[in-house]
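The primary structure of each chain is shown beneath.
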Amino acid sequence: MTSIVIAKFGDDISTDTIYPGRFMATVLPTETPQYAFMDETELNAKLNNKRVPPNSVIVANNNFGCGSSREQAASTLKGWELIIVARNFARIFLQNSINLGLRTIICPTIDANENDELEISETEIINKTSGKKFAIEPLPLARQAIIDAGGLIAYTKKKLLEKSGKN
Amino acid sequence: MGMTIVQKILAKATGQASVKIGDVVEPRVDVAMSHENAALVINQFLEIYSGTGLEPNVWDPSKIAIIFDHRIPAESAKTATNHKKIREFVVAQGITKFHDIRGDEGGICHQILPENGYIRPGYVVVGTDSHTTTHGALGAFSFGIGATEMASVWTLGTVLNVEVPATIKVVVTGKLSGFVSPKDLILHLIGKISAQGANFKVIEFHGETIKNMSTSGRLVLSNMSVEAGATAGIVPPDEETVRYLREVAGVTDDIEMVLPDADANYERIVEIDASKLTPQIACPHTVDNVKPIEEVVGIKINQIVIGSCTNGRLDDLEIAANILRGKKVHQETRMLIFPASWKIYKDALSQGYIMDFISAGAVVMNPGCGCCLGVHQGALGDKEISLSTTNRNFKGRQGNPNADVYLCSPAVAAASAITGVITDPSKGVN
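Same order as they appear, the protein sequences are chains A and B. Numbering-wise, our numbering comes out as the position in the first sequence, counting from 1, plus 872. Numbering-wise, our numbering comes out as the position in the second sequence, counting from 1, plus 11.
It should be emphasised that the hints constitute simulated quantities derived from the structure, not laboratory data. Given the structure is predicted, the values throughout are model-derived calculations rather than measurements. Ideal Cβ placement from N, Cα and C applies to all residues, glycine included. Hints are supplied without guarantee of correctness; some may be wrong.
Unchecked claim - Quick list of in silico lysine-lysine cross-link-like pairs, DSS-like style, CA-CA up to 27 Å:
1) Lys880/A - Lys394/B
2) Lys287/B - Lys302/B
3) Lys922/A - Lys339/B
4) Lys880/A - Lys406/B
5) Lys406/B - Lys918/A
6) Lys89/B - Lys406/B
7) Lys23/B - Lys180/B
8) Lys89/B - Lys108/B
9) Lys23/B - Lys1030/A
10) Lys1031/A - Lys31/B
11) Lys339/B - Lys438/B
12) Lys108/B - Lys95/B
13) Lys23/B - Lys222/B
14) Lys23/B - Lys89/B
15) Lys203/B - Lys186/B
16) Lys23/B - Lys1035/A
17) Lys222/B - Lys180/B
18) Lys406/B - Lys311/B
19) Lys203/B - Lys406/B
20) Lys180/B - Lys203/B
21) Lys438/B - Lys338/B
22) Lys1035/A - Lys880/A
23) Lys108/B - Lys357/B
24) Lys1031/A - Lys23/B
Claimed, not checked - Away from chain B, derived, C-beta distances all over 10 Å, residues of chain A:
25) Asn935
26) Ile977
27) Asp983
28) Asn999
29) Gly1003
Can you build the whole structure from these sequences, using the hints too?
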């Protein structure tokens, strides 16, 4: 699958940048996407003007999603069907993304710029623009189990039914 | 090989003799806390039950805590409607640890939980708020989770697929001198190990400085551990923990002390000599951009904020009142104070601190989080600068991406309010 990089960030992109606190009273996943990167006006306009196809990529360095536990930071990006590739992620954001099915890829050496074309497989990313290859770090099995179940709602539903003897 | 405190707690919470770092476990939860984002948790909880044919009842209503603090009193119809929806759910489910917008029992969640005796050493505590790390100050394993994960906890009473984290041991020795406070210590630590230095790890606090620190100070350390990326920041419980739980929180039942083993395996040990510290300032726009105050004195400040779950406790207000008493907030600066709970507000009132603040020209607000995260009151204008005792200075944090936030201790905030510029309180403010 070939994806286009629509934005490139450095270290420590906080959830206040991804989804500013002043929109936190909005909780419905159908309503949160419009506020994605609200203060990064160019990126927000790009998203809201529907110029971003599904599976487009945001690339970041270290500690993407640091700060608040607000789940809107994951649901807003999931709403645009984005893929986030970062050298590493902050814990709560990564867990929220896995729980909601936002595709997050840990790629410790990733190097890509805006408008680069990426070929993403299960194990590596090829930057078709620069010609370089980067290995993907697999998610721990415990997290993969949630993804495989289709997200935490489905995973918990299964556990609940097992527990109540209905399954 | 012995176990760290988080290993001990997770072993107990899974009914095992021991757990290893990296094990995947499903610990039972002792306290599950949410604030206004319970509105989203409710949606996800009902979604889990949808199609199962089962009645959506929470696993244990006595273990769920809901505290309104982020936008109180409601700033919009949308928030008020969320509040209403949560109140109805609380009544329907019989949730008892509920703190509404009330002067007799309300406040910020991370003060309400310790103050009411909801937290004990050895507990597993989860909260839909990143500063849930606060409760590690009482020896609990307490960490932030998202709303969907909380819905899963409400359903099952456990946290699914928790990986037992590695631990960084932080050993602090030396006396905090003069106006240097626990806030300066934690800012220094975050600057030293960086905003991602403890990602996916637990910080354990040790050393004579921690032993001699009040629970109020320890709450500051645990609160801001998340700003170094830590899953949790835990102070092993001791006599001071018991004193706080008995005298302040009114706990009368048995307190079980869960402690790390002497031969526990730490990933890294960080040593700090607290006696060498001066007041520390986190500069825009990351919490690890920490400088000693000498490097930033004189920067003009438009708004001073004292309060929040980090530094809105009685000792914080006391030190600020002692500096401000009989003086005036600078004419070109405005000062906002929000105590961490109404209990603290009332204590500050009876101590005379509130009158000291008002007479100096400060505005005392109701306990709440709004100003810290820019959702309710106290927003900054374009190119304005805030000096704040809160916990985050991210771009846009106090409501405006075109403004700057500096973080500091209550003493620095109070001294700077008088001069209108960043001021070292030990240098005098006359």
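The hints, checked one at a time:
no., hint, in the structure
1, Lys880/A - Lys394/B, "holds (26 Å)"
2, Lys287/B - Lys302/B, "holds (14 Å)"
3, Lys922/A - Lys339/B, "violated (53 Å)"
4, Lys880/A - Lys406/B, "holds (17 Å)"
5, Lys406/B - Lys918/A, "holds (21 Å)"
6, Lys89/B - Lys406/B, "holds (25 Å)"
7, Lys23/B - Lys180/B, "holds (21 Å)"
8, Lys89/B - Lys108/B, "holds (24 Å)"
9, Lys23/B - Lys1030/A, "holds (26 Å)"
10, Lys1031/A - Lys31/B, "holds (24 Å)"
11, Lys339/B - Lys438/B, "holds (17 Å)"
12, Lys108/B - Lys95/B, "holds (17 Å)"
13, Lys23/B - Lys222/B, "holds (25 Å)"
14, Lys23/B - Lys89/B, "violated (42 Å)"
15, Lys203/B - Lys186/B, "holds (19 Å)"
16, Lys23/B - Lys1035/A, "holds (21 Å)"
17, Lys222/B - Lys180/B, "holds (14 Å)"
18, Lys406/B - Lys311/B, "holds (19 Å)"
19, Lys203/B - Lys406/B, "holds (21 Å)"
20, Lys180/B - Lys203/B, "holds (14 Å)"
21, Lys438/B - Lys338/B, "holds (16 Å)"
22, Lys1035/A - Lys880/A, "violated (44 Å)"
23, Lys108/B - Lys357/B, "holds (21 Å)"
24, Lys1031/A - Lys23/B, "holds (22 Å)"
25, Asn935, "violated (4 Å)"
26, Ile977, "holds (17 Å)"
27, Asp983, "holds (19 Å)"
28, Asn999, "holds (24 Å)"
29, Gly1003, "holds (30 Å)"
Figure legend: structure checked against the earlier numbered hints; hints not met, in rising order: 3, 14, 22 and 25.
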